[in-house]
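Chemist: As you go down the protein sequences, you meet chains S and A in turn.
Numbered continuously in the numbering used here, the first sequence closes out at residue 1097.
Numbered continuously in the numbering used here, the second sequence closes out at residue 324.
Derived from the structure by calculation, the hints contain no laboratory data.
Where a beta carbon is used, it is the ideal one built from N, C-alpha and C, also for glycine.
Be a bit skeptical, because a hint or two may be false.
[Said to hold, decoys possible] Not close to chain S: a few residues of chain A, all C-beta gaps over 10 Å, as computed:
1) Pro105
2) Met162
3) Ser171
4) Lys179
5) Met219
[To be verified] DEER-style ranges, computed between Cβ atoms:
6) Lys227/A / Ser930/S: 35 to 45 Å
7) Lys14/A / Phe923/S: 46 to 56 Å
8) Val1048/S / Thr313/A: 36 to 46 Å
9) Ala8/A / Ser930/S: 44 to 54 Å
10) Thr313/A / Asp1015/S: 30 to 40 Å
[Unchecked claim] Calculated lysine-lysine pairs in the BS3-like style (CA-CA distance at most 27 Å, straight line):
11) Lys307/A / Lys179/A
12) Lys288/A / Lys1032/S
13) Lys1032/S / Lys214/A
14) Lys881/S / Lys232/A
15) Lys927/S / Lys307/A
16) Lys176/A / Lys93/A
What follows is the residue order along each chain.
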Amino acid sequence: MSDNLIRVEVASERALIVYFEQELSTKLAAIISLFCQQLDQHRGALTLEVIPSYTSVLVQYSPFETDHFAIQKLISNVFEQLETQLGDTLNSSPTDLAENKAANVVELPVYYGDEVALDLERIALHHNLSKEQVIDIHCEQLYRVFAIGFAPGFGYLGEVDSRIAMPRLETPRMTVPKGAVAIADRQTAIYPAVSPGGWNIIGRCPIAMFNPATVPHMPFSVGDSVKFKAIDKVQFVELGGEL
Amino acid sequence: MTAVIANGFVVKQPGMLSLIQDAGRFGQHHLGLTEGGPADKNAFDWCHRLLENVNNETAIEVSIGGLILQSHCHTTGCITGANNVVKKNGKVLPLWQTFEIVPNDVIEFGYATTGVRNYFSVAGGFQMQPQFGSCATVVREGIGGINGKALTAGDNLATMSNKNKRVCSLAKSKQPKYLDAVQLRIVLGYQLDWFTNHQVQRFLNASYEVSKQWDRMGYRLSGAKISANKTAMYSEGIALGSVQIPADGQPIILLHDRQTIGGYPKIGTVLSLDLDRLTQCRQGAKITFESISIEQAHNALHLAKFNFENTSVVKANDVAGS
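Kindly generate the complete structure, drawing on both the sequences and the hints.
Modeler: Encoded structure:
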């Protein structure tokens, strides 16, 4: 049974990646989160680094402690345990699993002005919408934090309404500004710091996404929900935003 | 007795890019923190082995060169890595060999002729507060090292005193050679069905050049364009050495400061041992790939570990520098 639900691939000399063969959903996000928790229990005996994302989990191990056969077996066992534990909920459509993790909703302000929304017009043209419509659609949706990675504090939020979805840039930008709010396919995110990046930039958020000196370090964690709120330039600057 | 000297070394000139590194930062992926750590692990490991450092001590990774340090401590140092002229008080120091350092010594790195990165450490390493479990500096994140930054003029590096040791060196024949044409072993398989067989063969037969975009995050290559069957995918965890193919078809090899999650298709993953040689390359170096299996990769890793452990260190009878 587990063979149909997960697919395990060699990702490197010291990593396997587990793909969950399901459509992206909040239920899947909850399954992945439980799977990672159970895998975490094998830490200690093994050096494991587990990176969950939308529909996958990257499992890194030490090739001097074990090998890909043993880790593959471990992954199957952990998944079988999870199946036993969850029973039918794994295959059924009800979202009890997702709902029992009551999502914390975080509202984040975004300034969508022309000087910061470098790709907004291109997205609008692509979809035959006005810029205002793109902004409205971006703000309407309640997003779930599916993964954190790429950079400290970078949350992958989904799913973006298909009416404003946009593929990544052909050649990533060498520099994306701190706070840039961006879209890639049906994902959206806020760049926590200046970095290279290939997402389409539609605005800027004045709130710090990562602060190593404060606890919590981030305004949200995996599983939380996020809603964007459009603000003007004055509010952006008042909230500490930098142009 | 050993004591910590707060200003064991003072940075007089930081050079192009000098970073405090330890073995890396692990278990912080939930915050999106990358692993960092030495770009050339082999040279880093040798630096510590020659110093008999065994507790994940720090070293300075000097990229290209130009670092000048002044000592305020009495210790033993060692420099490994790229071919570079490094002087102590104007006198050329042998690399891959420990040497004595006394107060007021000035250590001056030239600029690497072949290879890119040198590792400099001292007995007991440089003492600093780990951040998120490691001292590894990741400039992009502003984490680790001193205030999350590359070394700057005036920085103080704390050291342990009274750690004078015997001269240890690695025989010339055992030292790695840094070349500007490197063949990288790659484990294919990861998302391979996203590339046609023709594209995979094109990739394996191509000779690439390191483009002007090469850093600790990744090396972008230029050469034969590779196209993937698919461009839209959910972002997912990225393993060290992953070869990512963005829409422009030019491969990017992701390194220690890489993003932990990304969404470009990957054709395979470079063997970590070969990343040590890649990271000693700069713009214009020729890069080719050779496909190996996961089993060959594990064999190569175990063999390299065995060889590292069984390569004897040359120990002189006298103490360093005397």
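Chemist: So, for every hint listed, does it hold in this structure?
Modeler: Verification of the supplied hints:
1. For Pro105/A, the non-interface assignment is confirmed: its Cβ lies about 34 Å from the closest Cβ of chain S, beyond the 10 Å cut-off.
2. Every C-beta of chain S lies more than 10 Å from that of Met162/A, the closest at about 27 Å, which supports listing it as non-interface.
3. Distance to chain S confirms Ser171/A as a non-interface residue, since its nearest Cβ pair spans about 26 Å, more than 10 Å.
4. Every C-beta of chain S lies more than 10 Å from that of Lys179/A, the closest at about 23 Å, which supports listing it as non-interface.
5. With a least beta-carbon separation of about 8 Å from chain S, Met219/A fails to lie farther than 10 Å from that chain, contradicting its non-interface assignment.
6. For Lys227/A and Ser930/S, the hinted distance range of 35 to 45 Å is satisfied, since their beta carbons lie about 38 Å from each other.
7. Against the hinted window of 46 to 56 Å, the Cβ-Cβ separation of Lys14/A and Phe923/S comes to about 53 Å, which satisfies the hint.
8. Between Val1048/S and Thr313/A the beta carbons are some 42 Å apart, a value that agrees with the proposed interval 36 to 46 Å.
9. For Ala8/A and Ser930/S, the Cβ-Cβ distance of about 52 Å falls inside the hinted range of 44 to 54 Å, so the restraint holds.
10. The hinted range of 30 to 40 Å is not satisfied by Thr313/A and Asp1015/S, whose Cβ atoms lie roughly 59 Å apart.
11. For the proposed pair Lys307/A and Lys179/A, the alpha carbon gap of about 18 Å is at most 27 Å, so the pair holds.
12. Distance restraint check for Lys288/A and Lys1032/S: the Cα-Cα separation of roughly 35 Å exceeds the 27 Å cut-off, and the hinted pair is therefore not satisfied.
13. Between the alpha carbons of Lys1032/S and Lys214/A the distance comes to roughly 24 Å, so the proposed pair stays at or under 27 Å and holds.
14. A hinted pair counts as satisfied when its Cα atoms are at most 27 Å apart, and Lys881/S with Lys232/A qualifies at roughly 26 Å.
15. Between Lys927/S and Lys307/A, the direct Cα distance comes to roughly 25 Å. Compliance with the 27 Å bound is thereby established for this hinted pair.
16. Between Lys176/A and Lys93/A the CA atoms are separated by roughly 24 Å; this keeps the pair inside 27 Å, and the hint holds.
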